[in-house]
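Can you build the whole structure from these sequences, using the hints too?
Each step along the sequence shown adds one to the number in UniProt numbering, with nothing skipped, and position 156 is 156.
Note that these hints are calculated values from the structure, not bench results.
Not one of these hints is a red herring.
Keeping only pairs whose Cα atoms sit at most 25 Å apart, straight-line, the calculated PhoX-like set for lysine-lysine is:
(1) Lys367 with Lys176
(2) Lys329 with Lys352
(3) Lys146 with Lys309
(4) Lys195 with Lys108
(5) Lys352 with Lys336
(6) Lys392 with Lys367
(7) Lys32 with Lys341
(8) Lys214 with Lys146
(9) Lys93 with Lys341
(10) Lys218 with Lys176
(11) Lys195 with Lys148
Beta-carbon label-pair distances, calculated as ranges:
(12) Glu29 with Ile304: 42 to 50 Å
(13) Lys146 with His125: 33 to 41 Å
(14) Gly366 with Gly300: 38 to 46 Å
Keep in mind that this is a model prediction, so the values were computed, not measured.
Note that beta-carbon positions come from the ideal geometry of N, C-alpha and C, so glycine has one too.
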Amino acid sequence: MEQYHEPFILTGNVCTDGKQLEHQYILIENGKISSTGNENAVPASFSGKVIPIPTSHVIAPGFLDLHIHGAGGADTMDATEEALETMANALVKEGTTSFLATTITQKKEAIDRALTNVSTYMNDHNRPGKAEIVGVHLEGPFINTKRKGAQPEEFILEPSIEQFDRWQELANGTIKLVTMAPEKESGFKFVAHLKNTGVIPSIGHSDADFIDVKEAMKAGASHVTHLFNGMKGLHHREPGTAGGALLLDELTVEIIADGFHIRPEMIDLAVRLKGLDQVILITDAMRAKGLPDGESELGGQVVIVKDGKATLANGSLAGSILKMNDAVKHMIEFAKLSLPKAIKLATMNPAKKLGIDDRKGSIEIGKDADIVVLDENIQPVLTITRGVVAYKRS
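Below is the structure:
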């Protein structure tokens, strides 16, 4: 793969933080964005390579996926360096430059191994030239059996501060977000503990009613995992988990915009009610992403992948095989968003949620040079991670 030796410049149309800027330049050096502006104002002292991007394409910040289990045949729960490396190399092909390695409800020892592995990988192998792991999303096991979805029921636990603290120690502090059911016994105390230790408590795989959601929010919950999926739905006499997620402005919501998990009209409704700043695109993808149709695996369960959908034998959805660039494309169709606004849902919004918008999420001076170039069909043609070309379409 051709490398551009730093410093180098990209010129073209830029989409960042919900806006489109035309005829721009971006100077990349030492893995960072060191200068930006109108392409007629490139610093006179610059003598490096200039890469012009066609006007039919856009230059955007790299995508950040807060909820992804696997890709390219690998899964976070494989608990190997090779699995995380496979994921990190696969994701750049869809424009994703950062992600939270996401676990699933499993026996404690399996989660132990996965967390230790992610922590070691982040410390030793998080190099430029592939997607960067920016932490762990612990999905389960502190969830509600009634709303388990594809999470294996036999490993579901009651919320336990002691167990979480043990896992966070094993993870070396890398758990950034926890999906849990606050309505369970000690759930609100657990939410408060997460908040007080700097972890994002997220309501998900939950049978919480509207009052439970309000109480969880008061305790510190600020996020909702895959809105509408794995939760008590809307009802005119009980707004449920979904109603709380939509009505409480302080809560951000994840959306799987593949057209299977949520009907497009409901995605449109969610965006209208929440507003652009409170919606975050995720893929919730599993290991079969990027592979041909056939049988795969999630949490020890057989998954059938066919025609863009991943399901268990009983027909339950089992994660997705969604690519983030396609999620962005679908938001233009489903919610009638402009391209810059759709991109914001996969870049600045998740970066702000994680509190890493000082270095990720937009094209600004001083931030990491995490960049994707998208063609007119919103397909990646070039992905750069921290200044290094990670993917270039042939």
